[in-house]
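Participant: Sequence:
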Amino acid sequence: MGITNLRTSSNKLHTFFYNYVLERNSKSSSYLSDSKLNEFQSHIKTLVSEIEKRCTDTGASPADLAVPSFRIFLWLRFLTDRENLKLHINALGDFLRILSDLKLKSIPDPHYLLLKLTYSSYLYQRKTAERNSILQINESLISAPDVMKKSVLSAAFSKRRSQHNQIIRDFITTLEYLRMNERIRGKPIANKITCRGNTFFFSRLY
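Here the sequence shown is numbered in our numbering, starting from 2 and rising by one per residue.
Careful: at least some of the hints might be erroneous.
Computed cross-link-like contacts, DSSO-like style, restricted to lysine-lysine with a CA-CA straight-line distance of at most 30 Å [stated by the list, open to error]:
1. K151 <-> K106
2. K28 <-> K117
3. K13 <-> K150
4. K104 <-> K54
No wet-lab data here; the hints were simulated from the structure.
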């Protein structure tokens, strides 16, 4: 089962987070006001409620969604928690700060980059189209120490990846990483239908 425009809505949210944190970092600030956090949380809860409603209206559950859509739902549900949302935003700020300190020629101007922390099936993935680059990093790495964050960024933008990849491989076997992965997955959700061929429209809420 698929939801039209779900990916578009989540991408808009990623862009909103990135631009907010980019501006915040440019002011050398790490302050996140309660009002801004409330605004983010309200939007995310609206998205989650809309997904759940669309699933219920069709006699399905979010677990019946196609895998990419279900992962988006799990990511959004994780961010409805205030502390998780704060951790996500601050981790995005950490990644951008560390990225600016790497001084690698392959790193684009931050205004031509979109860094996304999301619950994907891979640890990181970099895509480039014309002058724009998109770097996706797994949400399970948001609580990783700075040395780990630096290794992920270095591996994504450097040709010498073996050392960095070893650090990454070592970290994903740690209890810290495994626990964060479990937090994002949350409680299991049962399937309600066996057919996954349906598609329904999802409003662009963000």
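Participant: Now tell me, hint by hint, if it's right for this structure.
Facilitator: Status of each hint after checking the structure:
Restraint check for K151 and K106: satisfied, since their Cα atoms lie roughly 16 Å apart, inside the 30 Å limit. Distance restraint check for K28 and K117: the Cα-Cα separation of roughly 21 Å lies within the 30 Å cut-off, and the hinted pair is therefore satisfied. As the CA atoms of K13 and K150 are separated by approximately 24 Å, the hinted pair is consistent with the 30 Å bound. With a C-alpha separation of about 46 Å, the suggested pairing of K104 with K54 is violated against the 30 Å cut-off.
In this structure, the one hint that does not hold is number 4.
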